[in-house]
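Now for the letters of each chain:
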Amino acid sequence: MTAYNGYVTDETIEGAEDGPLADTTVAVKDNISTEGVRTTCGSAMLSDYVPPYDATVVQRLKDAGATIPGKTNMDEFGMGTTTETSAFGPVENPVAEGRVPGGSSGGSAAVVAAGDADLALGSDTGGSIRCPAAFCGVVGIKPTYGLVSRYGLVAYANSLEQIGPIAPTVEDAAELLDVIAGPDEHDATTQEAPEADGSYAAAADGDVDGLSIGVPTELLDGADQEVVETFWTALDDLEAQGASYHEVDLPSVEHAVEAYYVIAMSEASSNLARFDGVRYGQSGGYDGNWNDSFANAREEGFGEEVKRRVLLGTYALSAGYHDKYYKKAQDARAWVKQDFDEALDDADVLASPTMPVPPMKRGESLDDPLTMYLADANTTPVNLANLPAISVPAGETDDGLPVGLQLVGPAFGEREIIRAGSALA
Amino acid sequence: MSDPAVDPEEVRHVADLARVDLADDEIERFTEQFGDILDAFEALDDVPETEREADLSNVMRPDEIRESLSQEDALQNASDTEEGQFKGPKVS
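From first to last, the protein sequence lines stand for chains A and B.
Residue 425, in full-length UniProt numbering, is where the first sequence stops; the numbers in between run on with no holes.
Residue 92, in full-length UniProt numbering, is where the second sequence stops; the numbers in between run on with no holes.
No lab work stands behind these hints, which were simulated from the structure alone.
All the pointers check out, no bait thrown in.
To give an idea of the chain A side of the interface with chain B (calculated C-beta under 8 Å), a few residues:
| # | residue |
| --- | --- |
| 1 | Tyr-49 |
| 2 | Pro-52 |
| 3 | Glu-258 |
| 4 | Tyr-280 |
| 5 | Ser-283 |
| 6 | Tyr-286 |
| 7 | Tyr-315 |
| 8 | Lys-328 |
| 9 | Ala-329 |
Covered by chain A, per the in silico footprint, the following chain B stretches (three or more residues, Cβ under 8 Å):
| # | stretch |
| --- | --- |
| 10 | 34 to 44 |
| 11 | 76 to 90 |
Yeah, the Cβ is synthetic: ideal placement off N, Cα and C, and Gly gets one too.
Whenever a hint applies, use it, and build me the whole structure from the sequences.
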């Protein structure tokens, strides 16, 4: 275990003797199934659950020779922006005392930032890889939807989430992406990336000469002043290396965070219906009928944020409200996609601060869920548009708090964002 | 706002639909928070109707018997089983 509570389970899983990740430790977020090693999703509901099979990404890590040092702490079922909603206690930011590590893959980013694992896997539904990467001063990649198999990932919001790497450098993250990316017969949403030369790691050559960067002004409005200053300093750095930037207008992103939460909560209300305490998970007992037992299991097994989202999702999908919330959110999603496609016609990548604020103090956002949801304004549009994005360290505030810079690319444009990001980290 | 604020009865009703028991203090908290959150979601009213991409296609595989979990593995996380099957409470 770690002083900052980064691991839920520190059981070691050995991989093959040889391979590109031999002698490398890769921590795995605890919503990714590991055969024979408990996988809790940060929830009391699954505190004793032991999967009978490996997720595809875990199988690929083992085949590549990686050693998995443990399962990392996370917001319960991936629902949170601070890694404070875990049933196994909050994680502290190892590089910013008294602050949150970001969420929901906070444990994965923390163990990498602290040097307790070489690399880690997280999952990103609305920014859950990029946010903790930014708050902990490391690199995180959210891949294009369909590039990485979700087989064995305990689902929260299927249409939005992807597994991706967290690492100290862009090149390290790209090497891990090389291992986990590619079609999987167990996940029909995966597809072969279009032909491209070389590995993702080879794209981390730091060459940004001639790179055209679009900056969506909407994603700077309302951000913390020190975050914005750090962002522009990093862009100046890229400009000095031969890149150019221009401002772009993305009016749809003003509604993205609301659309994201409506869609994610709706999918969550459906996905989490599988936790009935009969096949796995906390039992609701056998007194009364199935409905009573089910409701009882879920009262005891789920934490407050999970209940909040399941209920709001049920509300958004219920008769009379479907058109008002869910259908409108799908319209917003289509609009965001169009906006991004148009902006990426005139730019190679789009750049913004990853998070509009530096890492929050622990406990600060828990009492006000809406404030926490709004902190995801810069990351959620990318998931709605199914695009790839990377968060790289951009610098620090005057108080030494990490600030992340997000680069968004076109679908399957991982090499572009890796190349651009590698000029900074 | 066009809709009245969420009331405790509505929260209880949704919790019932979602099959989640709630403590009284949770109902009180959720009632207040849901009002704020649903108000924020009203921003979606400004979203123009947008044509959605229709380039989706089904991905099918042949319907063939394949290797699967053994019955023993499939049952290993169940709190109660009987004669190789899951045992649960009565349905109604």
